[in-house]
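K.L.:
Modelling step: build the complete structure from the supplied sequences, incorporating the hints.
So the protein sequences, as listed, match chains A and B. Here the numbering used here is used: the first residue of the first sequence is 155, the next is one more, and so on. Here the numbering used here is used: the first residue of the second sequence is 195, the next is one more, and so on.
Worth double-checking, as some hints may not be accurate.
Claimed, not checked - Covered, in the sense of this in silico footprint (three residues per stretch, anywhere, with C-beta under 8 Å from a C-beta of chain B), are these stretches of chain A:
1) 189-201
2) 320-331
3) 345-356
4) 632-644
As the list claims (entries may be wrong) - According to the in silico footprint, chain A covers these stretches of chain B (three or more CB under 8 Å from chain A):
5) 233-243
6) 311-325
7) 366-377
8) 453-461
Simulated from the structure, these hints should not be mistaken for laboratory data. The structure presented is a predicted model; accordingly, all values stated were derived computationally and were not measured. Think of the CB as a built atom: it goes at the ideal place given N, C-alpha and C, for glycine as much as any other residue.
Below, each chain spelled out in residue letters.
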Amino acid sequence: MKLRLRQGCAGWSFSLPILGRWDAESWGARPWDGTKEGGTGVELWAWLQADTEDEADLKWLTLTNALSGLFCASLNFIDETRTTRPVMSFQPEGDHGSSLDNLHLLHGVLPHEIVCTENLTPFLKLLPCKGKAGISSLLDGHKLFDASWQSMAIDVRPVCPEGQECVLQIEQTIDMVLDIERSKRPRGYTIPRPPPGHDLKCNATKPYHSGDTCFPSDFAEGQDWSIDQIFGKFLKGTCPLTDPDVPPVCIHVPERRDIFTTANAVELKNPDGLSRCYQVPSDEQFSMILPRMSRDGDNAKTIEDETVEPETPLLYAERSFTGHGQERGGVQFILTNPSPDTSVEFVYMESLPWFMRIYLHTLKARVEGQSGANDGIIEEIYYRPALDRARGTQLELRVRIPPASTVFLTYDFEKSILRYTEYPPDANRGFDVAASIITILPSTSLDAPPSRRKISNLRTTSLLLSLPTPDFSMPYNVIIFTSTAIALAFGGLYNILVRRFVGANEGPETAAGLKGLLAQLVKRLSTKFKGAKGKTE
Amino acid sequence: MGFHDTAGLYGAAAALRLALFTFFPALPDLLTSRVEVSTPVTSFKRLQEGLFLYSHNVSPYDGGVYHQAPLLLPLFSLLPNASMYPFFTYLVYIVVDIATADALYQIAESGEAAASKLFTSARKDRRWSGYVVAAIFLFNPFTIATCLGRPTNVFTTCAILHAVAKAISGHPLTSMLALSFASYLSMYPVLLLPPLLLLAYDRQNATNRVDSLVQFSLTAVLAVVACLSTLFTISYLLTGSWEFFASTYGIQLTLTDLTPNVGLWWYFFIEMFDSFRSFFLGVFWLHLSSYVGGLSIRVRSQPLAAITILLGIFSIFKPYPSIADISLSLAVVPLFRHVFPLMRYTFFAASTILYSAFLGPAFYYLWIYAGSGNANFFYAITLVWSLGQSLLVSDLTFAILRDEWEVERPEMAGKEIRQI
Numbered sequence: 155m156k157l158r159l160r161q162g163c164a165g166w167s168f169s170l171p172i173l174g175r176w177d178a179e180s181w182g183a184r185p186w187d188g189t190k191e192g193g194t195g196v197e198l199w200a201w202l203q204a205d206t207e208d209e210a211d212l213k214w215l216t217l218t219n220a221l222s223g224l225f226c227a228s229l230n231f232i233d234e235t236r237t238t239r240p241v242m243s244f245q246p247e248g249d250h251g252s253s254l255d256n257l258h259l260l261h262g263v264l265p266h267e268i269v270c271t272e273n274l275t276p277f278l279k280l281l282p283c284k285g286k287a288g289i290s291s292l293l294d295g296h297k298l299f300d301a302s303w304q305s306m307a308i309d310v311r312p313v314c315p316e317g318q319e320c321v322l323q324i325e326q327t328i329d330m331v332l333d334i335e336r337s338k339r340p341r342g343y344t345i346p347r348p349p350p351g352h353d354l355k356c357n358a359t360k361p362y363h364s365g366d367t368c369f370p371s372d373f374a375e376g377q378d379w380s381i382d383q384i385f386g387k388f389l390k391g392t393c394p395l396t397d398p399d400v401p402p403v404c405i406h407v408p409e410r411r412d413i414f415t416t417a418n419a420v421e422l423k424n425p426d427g428l429s430r431c432y433q434v435p436s437d438e439q440f441s442m443i444l445p446r447m448s449r450d451g452d453n454a455k456t457i458e459d460e461t462v463e464p465e466t467p468l469l470y471a472e473r474s475f476t477g478h479g480q481e482r483g484g485v486q487f488i489l490t491n492p493s494p495d496t497s498v499e500f501v502y503m504e505s506l507p508w509f510m511r512i513y514l515h516t517l518k519a520r521v522e523g524q525s526g527a528n529d530g531i532i533e534e535i536y537y538r539p540a541l542d543r544a545r546g547t548q549l550e551l552r553v554r555i556p557p558a559s560t561v562f563l564t565y566d567f568e569k570s571i572l573r574y575t576e577y578p579p580d581a582n583r584g585f586d587v588a589a590s591i592i593t594i595l596p597s598t599s600l601d602a603p604p605s606r607r608k609i610s611n612l613r614t615t616s617l618l619l620s621l622p623t624p625d626f627s628m629p630y631n632v633i634i635f636t637s638t639a640i641a642l643a644f645g646g647l648y649n650i651l652v653r654r655f656v657g658a659n660e661g662p663e664t665a666a667g668l669k670g671l672l673a674q675l676v677k678r679l680s681t682k683f684k685g686a687k688g689k690t691e
Numbered sequence: 195m196g197f198h199d200t201a202g203l204y205g206a207a208a209a210l211r212l213a214l215f216t217f218f219p220a221l222p223d224l225l226t227s228r229v230e231v232s233t234p235v236t237s238f239k240r241l242q243e244g245l246f247l248y249s250h251n252v253s254p255y256d257g258g259v260y261h262q263a264p265l266l267l268p269l270f271s272l273l274p275n276a277s278m279y280p281f282f283t284y285l286v287y288i289v290v291d292i293a294t295a296d297a298l299y300q301i302a303e304s305g306e307a308a309a310s311k312l313f314t315s316a317r318k319d320r321r322w323s324g325y326v327v328a329a330i331f332l333f334n335p336f337t338i339a340t341c342l343g344r345p346t347n348v349f350t351t352c353a354i355l356h357a358v359a360k361a362i363s364g365h366p367l368t369s370m371l372a373l374s375f376a377s378y379l380s381m382y383p384v385l386l387l388p389p390l391l392l393l394a395y396d397r398q399n400a401t402n403r404v405d406s407l408v409q410f411s412l413t414a415v416l417a418v419v420a421c422l423s424t425l426f427t428i429s430y431l432l433t434g435s436w437e438f439f440a441s442t443y444g445i446q447l448t449l450t451d452l453t454p455n456v457g458l459w460w461y462f463f464i465e466m467f468d469s470f471r472s473f474f475l476g477v478f479w480l481h482l483s484s485y486v487g488g489l490s491i492r493v494r495s496q497p498l499a500a501i502t503i504l505l506g507i508f509s510i511f512k513p514y515p516s517i518a519d520i521s522l523s524l525a526v527v528p529l530f531r532h533v534f535p536l537m538r539y540t541f542f543a544a545s546t547i548l549y550s551a552f553l554g555p556a557f558y559y560l561w562i563y564a565g566s567g568n569a570n571f572f573y574a575i576t577l578v579w580s581l582g583q584s585l586l587v588s589d590l591t592f593a594i595l596r597d598e599w600e601v602e603r604p605e606m607a608g609k610e611i612r613q614i
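P.N.:
Right under this line is the structure:
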């Protein structure tokens with residue numbers, strides 16, 4: 155991490171590819187308001203101190219190459235066609251003093267990258283206890299990459315305490331969504347089999363519920379789990395280098411949920427009654443057990459006692475391709491504001507590959523819902539068109555969605571055909587288009603709840619763009635055929651232009667062309683043959 | 195002779211186009227999206243995008259979509275928005291088509307094709323009147339499809355034919371001006387300068403004629419250079435930078451946009467090995483321009499014939515050809531009605547062109563939409579299309595030269611001949 159200060163880099167954020175898709179409908183708002191996660195594929199953005207754009211590009215190149223080596227990710231493939239300079243979407247973090255003027259923000263995505271165990275090892279190496287103690291001792295490639303959703307991110311920002319030299323702060327984040335049923339399976343459980351009838355969790359309130367019919371109950375209902383069941387091991391104490399005031403384990407459950415822990419762990423309840431934390435002794439193993447809570451009897455518990463209802467996200471976003479064929483298509487972007495009374499203002503950023511030629515004049519916004527105001531929901535557009543083989547499209551829109559309505563943004567694009575060397579080996583799989591980034595701007599009204607006073611992010615899924623492909627097997631054939639066609643045309647015309655006309659019975663006696671040649675050849679051969687025959691006789 | 199004769203014809207052509215625009219409102223956009231009609235350097239949809247960027251103060255040349263001449267932008271921004279009031283755009287394209295037909299009418303009426311200054315064909319009485327030639331152009335399905343698809347090379351077509359018409363009527367400067375406009379819009383018409391210059395030289399007015407060919411050419415070339423520099427300067431003032439050069443003419447020289455079209459270049463340069471790309475680009479351009487000198491010298495006595503053959507060659511071998519180019523080359527062929535009996539492969543060439551015109555869209559559909567064919571299907575049909583056209587061009591050349599030869603040898607008319 156020494157390289158950064160030397161480079162004059164004022165903070166960067168780097169996220170390894172996420173796995174899975176965040177299911178906002180059932181999981182609610184994203185962790186950390188989405189600010190600590192990337193999209194599908196590697197994402198990197200950095201504020202670089204440079205006087206000119208060229209200098210910033212040079213520093214960006216050094217940074218991507220250094221990080222590529224450090225994290226075993228192909229970040230060095232972030233070239234100028236994948237780099238954008240966002241204008242409205244990101245805000246610098248940390249203390250920058252007065253040097254904000256010559257800060258350059260660069261952003262790059264490699265949507266095709268997938269996360270791998272080799273990315274986890276360097277990630278853990280950066281931790282003070284290197285995954286040997288504390289919560290990071292639970293991080294195991296088998297469990298981490300088996301998650302329903304997983305994201306890993308690193309943020310580096312300068313911190314300048316009063317009167318002291320500036321230091322850099324690094325923050326590493328891992329988020330996982332685990333399917334408890336799946337995680338509790340034993341290691342050797344490789345072939346999924348249907349569970350036996352008595353293990354099925356059925357919704358008994360359905361009228362047709364009986365011994366041989368089952369309507370599956372809510373996944374979260376009546377679950378029991380413990381840390382060692384899910385991760386396959388205990389938490390190994392705490393890292394002695396951490397801040398002792400920050401409790402290492404916190405859990406969001408209602409107050410009435412029973413939780414048992416290993417001995418010597420101290421429980422700290424949050425006054426809001428929705429979460430509690432545990433202080434873990436530094437050299438002891440820790441686990442916590444959440445038992446199944448009985449639904450009947452004297453002390454009956456309901457689902458409200460077991461889990462906290464997830465927070466409703468500010469926006470639901472979805473992006474998809476429309477149209478068919480490999481010539482052209484459209485992008486449809488559907489945004490829903492679930493809030494019944496507040497409008498949401500956000501910046502929508504797309505960075506598209508150059509071979510997807512978008513037609514901005516076809517950009518249309520349509521609102522469905524409460525208010526009929528169709529015009530003016532797009533407040534500002536920043537557009538930097540793509541240049542073939544030099545840079546991608548960058549599109550940033552500032553949009554305000556009225557409460558309880560859905561916005562449809564659509565635009566057309568054309569798929570260009572590439573040189574045959576520019577296709578990847580699996581050309582017919584298609585090309586990945588990076589996730590679009592939605593930055594929800596903080597509410598400016600004074601009575602907004604605290605969750606609305608800060609920036610939050612949202613990313614759509616990436617898209618798969620199929621381009622028309624040439625036939626890869628016949629460059630020679632094509633070169634030969636086309637050259638022949640040109641030679642035929644040129645030769646025919648040349649012949650007509652340079653030769654003299656004569657009557658069919660005029661001119662030199664020898665017939666021209668192949669016929670004449672053949673006749674001559676036959677004549678010569680026959681005389682030779684005759685001569686030879688004469689000799690033998 | 196005058197407008198009275200042709201008013202009915204032009205009215206009918208305009209009415210047909212208006213009827214197609216009105217009764218089939220989806221047809222213009224369908225044709226605009228066809229690769230046979232719109233190329234990256236002429237597409238109407240790309241023009242719309244360029245206009246949108248231009249009117250929002252983003253340089254349309256700082257992007258990979260718009261590759262057309264800068265002066266089209268203010269011209270089209272004067273018109274009402276094409277997606278809301280398409281009628282005005284339709285009107286412009288209809289008027290341009292009729293202006294083109296009128297130029298063709300003047301060329302045909304002059305009789306230049308059969309009787310130039312240095313040569314008079316023995317068959318000069320067998321010819322079609324301007325009315326027929328203009329009608330063949332106006333009701334050619336390729337011309338109608340081009341008009342509906344609204345590519346911007348209709349302006350080039352119009353300028354080229356007006357340059358020829360003005361050269362014949364003895365207005366060399368106006369002719370050079372029109373040619374400069376055509377070259378400014380599409381670049382390749384500059385290659386027509388030598389034969390056009392000869393045509394204008396032959397047809398000078400008696401009052402102020404210049405006897406020296408060198409002096410005449412120098413003046414004409416100077417006029418073209420001056421006119422082009424003025425156009426470039428205006429473009430520079432309009433867009434504020436010289437980047438339009440690389441984007442409009444550079445793309446025709448380097449072929450960075452490989453969108454399929456009816457020509458031979460796109461698939462060749464998709465499949466080309468990277469290290470040979472620049473070499474073959476040079477070869478292809480050299481090949482395209484190599485015909486100019488040879489034809490101007492060989493068919494010196496009939497400059498209009500040289501122009502006709504060159505237009506045919508350009509519609510086959512230019513980097514981004516479309517059916518608008520073949521509609522131009524087919525428009526001037528009927529001027530040579532008198533040599534039609536001397537052509538040998540008319541049926542074969544015509545059926546090849548018809549066959550590929552019908553199979554081309556079908557094979558494109560199989561490749562792009564159905565997925566049951568691959569790129570070779572469409573490529574093969576462009577090869578056939580080009581071969582059919584080149585057969586037509588070389589056959590016409592043969593007929594013109596034989597007609598010329600029969601003036602020296604009138605006794606050979608109708609006899610078997612050969613070339614040595």
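K.L.:
Could you run down the list of hints and mark each one as holding or not?
P.N.:
Each hint tested on the structure:
Remark: the segment 189-201 of chain A is not confirmed as covered by chain B, as 0 of its residues place a Cβ nearer than 8 Å to a Cβ of that chain, below the required three. Given a C-beta distance limit of less than 8 Å, the hint that chain B covers the segment 320-331 of chain A is violated, as 0 residues qualify and 3 are needed. For the segment 345-356 of chain A, the proposed coverage by chain B is not satisfied: 0 residues have a C-beta within less than 8 Å of a C-beta in that chain, short of the threshold of three. Counting residues of the segment 632-644 of chain A whose C-beta lies closer than 8 Å to any C-beta of chain B gives 9; at least three are required, and the coverage claim holds.
Under the rule that three or more residues need a Cβ within less than 8 Å of chain A, the assignment of the segment 233-243 of chain B holds, with 3 such residues. For the segment 311-325 of chain B, the proposed coverage by chain A is not satisfied: 0 residues have a C-beta within less than 8 Å of a C-beta in that chain, short of the threshold of three. For a cut-off of 8 Å, the count of residues in the segment 366-377 of chain B with a CB near a CB of chain A stands at 0, and the three-residue condition is violated. Restraint check on the segment 453-461 of chain B versus chain A: 5 residues with Cβ-Cβ distances below 8 Å, three needed, restraint holds.
The earlier numbered hints that this structure contradicts are 1, 2, 3, 6, 7.
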